[in-house]
Amino acid sequence: FATRLFSPWNFSSRGPLVALAASPIVLAIPVKVPDTMPDQTWTVFDPQGFSAYRIVMIVMACCTLTAAFGIACLFLDPQWAFLAFLVTASTPFVIHETYFTWPKLEAVWFLLLAAYLVTRLRYIKAGLLIGIGYLCHPLVLLSLPALIGILLLSETRLTTSGISVVR
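FYI, in the working numbering the residues of the sequence shown are 108 to 274.
Simulated from the structure, these hints should not be mistaken for laboratory data. A quick note: this is a predicted structure, and the numbers were derived from the prediction, not measured. It is possible that part of the hints are untrue.
[To be verified] Ranges between beta-carbon positions, derived for each pair:
#: 1; residue 1: V151; residue 2: S130; range: 14 to 22 angstroms
#: 2; residue 1: T143; residue 2: I202; range: 28 to 36 angstroms
#: 3; residue 1: L228; residue 2: Q147; range: 49 to 57 angstroms
#: 4; residue 1: L228; residue 2: V151; range: 22 to 30 angstroms
#: 5; residue 1: A135; residue 2: F182; range: 37 to 45 angstroms
In this text, a Cβ means the ideal position worked out from N, Cα and C, and glycines have one as well.
Model the full structure from these sequences, guided by the hints.
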């Protein structure tokens, strides 16, 4: 039944971590999962719990926006970090993903934190955050080549005699 209900997506289309985080709130309401495809007219709160899930996902996406400010503070002064937050929050992609139910913003937050840890030479923690981000959404793996590039650029520098590795 789940395959028919969610087709063409399957359980690996989105990461399970955010859905597990949303499930206590969704299950706190009286959810009635039907045996057939839902075909009722749209209502604000449906008996299947889809709208409660959407609200939880919107709240989590908004929390990642505040975390974006915190990550920007690691690199910038607070005034510039606030400007970076405003630019990020007003980007059309971010506005769309805030109201969409796929946890891409949550995955990107783990990716940005992993990039910060790569610049601080904390590779194991960065790898763990990449894994957690993958459990939020598989798109994190698309950014892995960029993180490897950051890794290579942070460990090497050009000198007059060529490239030398510094730690």
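We went through each hint and held it up to the structure:
no.	hint	in the structure
1	V151 to S130: 14 to 22 angstroms	holds, 21 angstroms
2	T143 to I202: 28 to 36 angstroms	holds, 35 angstroms
3	L228 to Q147: 49 to 57 angstroms	holds, 55 angstroms
4	L228 to V151: 22 to 30 angstroms	violated, 49 angstroms
5	A135 to F182: 37 to 45 angstroms	holds, 38 angstroms
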